[in-house]
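> Here's the letter readout for the chains.
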Amino acid sequence: MKNWMLGLALVCVIPACVTINIYFPAAAAEKAADKIIDDVWQLKNGAGKPAVNKEELAAPSAQ
Amino acid sequence: MKKILLGLVLLATLIGSQFVAAAADLEVNTPAISAIKNSMQARHTQLGAFYASGAIGLTKDGLIAVKDANAVPLAQRGALTGLVKDENADRSRLYKEIAVANGHPEWQAEIQSTFAGRWIDKAQSGWWVQGAGGWTQK
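So the protein lines, in turn, are chains A and B. So the first sequence is numbered by numbering that gives the first Met the number 0: it starts at 0 and just counts up by one. So the second sequence is numbered by numbering that gives the first Met the number 0: it starts at 0 and just counts up by one.
Hints are computed from structural coordinates only; laboratory data are not their basis. Hints may contain errors.
To spell it out: a stretch of chain A is covered by chain B in this simulated footprint if at least three of its residues, at any positions, have a beta carbon under 8 Å from a beta carbon of chain B; those stretches are [said to hold, decoys possible]:
| no. | region |
| --- | --- |
| 1 | 21-27 |
| 2 | 30-39 |
Rough simulated footprint, nothing fancy, chain A against chain B, three-plus residues with beta-carbon under 8 Å [what the hints assert, rightly or not]:
| no. | region |
| --- | --- |
| 3 | 37-43 |
| 4 | 71-80 |
| 5 | 127-133 |
Positions of the beta carbon are idealized from the N, C-alpha and C atoms, including for glycine.
Given only the sequences and the hints, what does the whole structure look like? Please build it.
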């Protein structure tokens, strides 16, 4: 009977501890920030821009 | 007793796995976030030259600001002010949307300060960034 009550008490206490422990995930936030900044500033596909310019330059001379 | 123990272990595993999943990654692939990102990406083609000339810089609070309006011809200054205003509105909305998408609107300020550091770290050399002591050139 005592064990049963201890079990019940633990079941109530553990979720409370977890709730308190939901901290701001700084590392995940940095990762997310890096991903978004790379997209906005086009840092990971820098080769894209010159390629487009070359095509644009080549197009008029071909016509 | 055995059943209770088994139940406890199960519960702990369940809570533990949720907690780890929540800590691993932030959700940034919502339609709202993508729309803001696209808008900022399009605007960056105009802002790029202003960063390079020192007309604008990255602030320590994760936004941008006009640093030296004299670097821009008078006729363009109105447009620049508008661009900075729109960019800051998008940035503020971005930080808010990320916090909301992850179920923690109260994280907005921390997300903003995380971005502030990352924008400045990733800024190109020659761009102006705001530190504790004022503007410095990277």
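> With a Cβ-Cβ cutoff of 8 Å, does the region 30-39 of chain A contain at least three residues near chain B?
As far as the region 30-39 of chain A goes, the hint holds, because 10 residues have Cβ atoms under 8 Å from chain B.
> Three or more residues of the region 37-43 of chain B near chain A by CB distance under 8 Å?
That given contact holds, which follows from 3 residues of the region 37-43 of chain B lying within Cβ reach (below 8 Å) of chain A.
> Taking a Cβ-to-Cβ distance below 8 Å as contact, does the region 71-80 of chain B have at least three residues touching chain A?
violated (count 0)
> Would you say the region 127-133 of chain B counts as covered by chain A, given the rule of at least 3 residues with C-beta under 8 Å?
Coverage by chain A is violated for the region 127-133 of chain B (0 residues, Cβ < 8 Å).
> Is the listed coverage of the region 21-27 of chain A by chain B valid when you require three or more residues with a beta carbon under 8 Å from a beta carbon of that chain?
n = 5 at 8 Å, threshold three: holds.
Going through the hint list in order, the structure does not satisfy hints 4, 5.
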